[in-house]
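Engineer: Chain residues, written in single-letter form:
Protein chains: 2
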Amino acid sequence: MKKLINDPADVVAESLRGFAAAHADLVRVNADPAYVVRADAPVSGKVGILSGGGSGHEPMHGGFVGRGMLDVACPGEVFTSPTPDQMLEATKAVDGGAGVLHIVKNYTGDILNFEMAADLAREEGIEVEAVITNDDVAVQDSLYTAGRRGVGVTVLAEKIVGAAAEEGKDLAAVAELCRRVNAEGRTMGMALTSCTVPAAGKPTFELGESEMEIGIGIHGEPGRERVPLASAKEIVERLAGPVIDDLPFASGDRVLAFVNGMGGTPQIELYLVYNELKQLLDGRGITIERNLVGSYITSLEMAGCSITLLRLDDELIRLWDAPVLTAGLRWGA
Amino acid sequence: MKKLINDPADVVAESLRGFAAAHADLVRVNADPAYVVRADAPVSGKVGILSGGGSGHEPMHGGFVGRGMLDVACPGEVFTSPTPDQMLEATKAVDGGAGVLHIVKNYTGDILNFEMAADLAREEGIEVEAVITNDDVAVQDSLYTAGRRGVGVTVLAEKIVGAAAEEGKDLAAVAELCRRVNAEGRTMGMALTSCTVPAAGKPTFELGESEMEIGIGIHGEPGRERVPLASAKEIVERLAGPVIDDLPFASGDRVLAFVNGMGGTPQIELYLVYNELKQLLDGRGITIERNLVGSYITSLEMAGCSITLLRLDDELIRLWDAPVLTAGLRWGA
Chain A
156 MKKLINDPAD VVAESLRGFA AAHADLVRVN ADPAYVVRAD APVSGKVGIL
206 SGGGSGHEPM HGGFVGRGML DVACPGEVFT SPTPDQMLEA TKAVDGGAGV
256 LHIVKNYTGD ILNFEMAADL AREEGIEVEA VITNDDVAVQ DSLYTAGRRG
306 VGVTVLAEKI VGAAAEEGKD LAAVAELCRR VNAEGRTMGM ALTSCTVPAA
356 GKPTFELGES EMEIGIGIHG EPGRERVPLA SAKEIVERLA GPVIDDLPFA
406 SGDRVLAFVN GMGGTPQIEL YLVYNELKQL LDGRGITIER NLVGSYITSL
456 EMAGCSITLL RLDDELIRLW DAPVLTAGLR WGA
Chain B
156 MKKLINDPAD VVAESLRGFA AAHADLVRVN ADPAYVVRAD APVSGKVGIL
206 SGGGSGHEPM HGGFVGRGML DVACPGEVFT SPTPDQMLEA TKAVDGGAGV
256 LHIVKNYTGD ILNFEMAADL AREEGIEVEA VITNDDVAVQ DSLYTAGRRG
306 VGVTVLAEKI VGAAAEEGKD LAAVAELCRR VNAEGRTMGM ALTSCTVPAA
356 GKPTFELGES EMEIGIGIHG EPGRERVPLA SAKEIVERLA GPVIDDLPFA
406 SGDRVLAFVN GMGGTPQIEL YLVYNELKQL LDGRGITIER NLVGSYITSL
456 EMAGCSITLL RLDDELIRLW DAPVLTAGLR WGA
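Protein sequences, first through last, are from chains A and B. When the first sequence is numbered by the working numbering, its final residue is 488 and no position is left out of the sequence of numbers. When the second sequence is numbered by the working numbering, its final residue is 488 and no position is left out of the sequence of numbers.
Derived by calculation from the structure, the hints in this document are not laboratory data. Mixed in with the good hints, there may be bad ones.
No distinction is drawn between identical chains; accordingly, a pair holds when it is met within one copy or between any pair of copies.
[Stated by the list, open to error] In silico DSSO-like links for lysine-lysine, alpha-carbon gap of 27 Å or less: (1) LYS357 with LYS388; (2) LYS157 with LYS324; (3) LYS157 with LYS388; (4) LYS324 with LYS247; (5) LYS157 with LYS357.
Use the sequences and the hints to build the structure in full.
Structural biologist: Written as structure tokens, this is what we have:
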């Protein structure tokens, strides 16, 4: 296992210590239970935005904590749900009296733990709403999920919903907006290589030298099909095609196009993929109004990419453009 | 070769088209000769800042073009110097009457071509100064270099010098500042895996399953030694030790600590490395005043990292903190 780590059991805790030291101007990190919280939390009168899930997907979610995005993130162990206790403490840390929104990716462990945490928080008098993201069109059920998996749209939802909360929208409005973003977005991913969970010490799956996996999940869960390597152009068709057909996106739609690296993919390839996606969407009459190209929801060192399309309207564009000041996304502030 | 590409011969051109489409608000991309230039270039009365070199190191340099950093970047083919003609056209594109600074990493091909380009530009009446970065303490000479290689400090110099040019400093002052940043910074890197140049189609070097290369260059050039895999703590000692001893950095120094990923290294590992570096520097009485953690000067999909330390004073801190608006670095704007 070739990784820049010490003891595999300490990877998440040590990485969080580094993150805390690097970004002390933006966040505080609580060690036990682990959460990453805005330095100025709780913000009185503002809806708190919480997300979380297994580690290994950085910068998601800790890298999205800060003004205009998340108030707090709960990192579990690698590819493992955080605990209800952890989510409860994080919820309490960001309750400024206006309630807290939980943004939950659709994985069975996360769903169960977030439900329990929401119940516990409500018992303590905190208003909580939960929205589940499930944008992955690759498979209906998977190794860790009943229904569709929550993937790339989660990043976009966190940005847009964070902006709305910053503007002072109430909990019901913020939750409704989050549901709308999830409903308007679709994603599909692929892998050229596997990843290795530190505690496992060996690759999550095996992929031949001339194979790739289409429809991969962010934990290396099997996708739709294992096929021979193909050109970037063909890969983009295989990802964007099902994404477009599913919503469906149609000629005249305005979209945010998000080309995401899985962790081990260099930028030179991501921009090449974006070039193919742009041509494909141009051909379908779909206009890219905004874009995001980079590694934002990753699977450790997996090589590969995902493509997310989000249908935009003027309000979503305005909220996307609003200032954000986090370690992972930063503009206008 | 597992890459998200089409024809290996088209990788740089296609990736640049994607970059141009994604960041049309910040830059224009000229196709032939290839350069990435600020959307508002030339800025009248401002010193133009130019850098360039082989592709495959993204976001360096094209990702650093924008307000407060570079005015223009010349990308060569992967790991290949741009041509003098390309550098000349780029120089002309950003000459706002106050001259142009060439920031050149110390590789033999780059040096020769930049010298020729500077001569050609001067013949056309453009004032040009060139500053060579050579911060890599790993080896004195290498496969592509006489003297030390230019690596991580180049990124920091581009930011700091870009801020000074934005403030209106003249060419002599900007060049002197660039030399000072280079003189105050040192770097050393390591690799867990090789990279594969698309046109070559096979790994640049072979590294056993339980080996790593200490002192690697950004083109996969051999480093100081090939040794058994070690913990992150030991790796940080092996990189930061020679960096500290070389300048030398001493107790009481204030530094910018830059933990850079080589392209295939996930963030969770980079922050873990930063945590080790912070502890090591604390133990030596060296204070981290600013930090940068991420993949900014890469070697395609190589897994590994480099550590750069830059000794700071109040002026360098102020210029580092100044607003920057590029695809790869963005704050305060």
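Engineer: Next step is simple, just say for each hint if it's right about the structure.
Structural biologist: Structure-based check of each hint:
Within a single copy, LYS357 and LYS388 get their C-alpha atoms only as close as 31 Å, which misses the 27 Å cut-off; across copies the closest is 22 Å, which meets it. For a Cα distance limit of 27 Å, the shortest separation of LYS157 from LYS324 qualifies neither inside one copy, at 46 Å, nor across copies, at 46 Å. Within a single copy, LYS157 and LYS388 get their C-alpha atoms only as close as 31 Å, which misses the 27 Å cut-off; across copies the closest is 14 Å, which meets it. Taking CA atoms no more than 27 Å apart as the test, LYS324 paired with LYS247 passes inside one copy only; the shortest distance there is 19 Å, against 50 Å between copies.
Taking identical chains as interchangeable, the C-alpha atoms of LYS157 and LYS357 lie at most 27 Å apart whether they share a chain (10 Å) or sit on different chains (20 Å).
In the structure shown, a violation is registered for the earlier hint numbered 2 alone.
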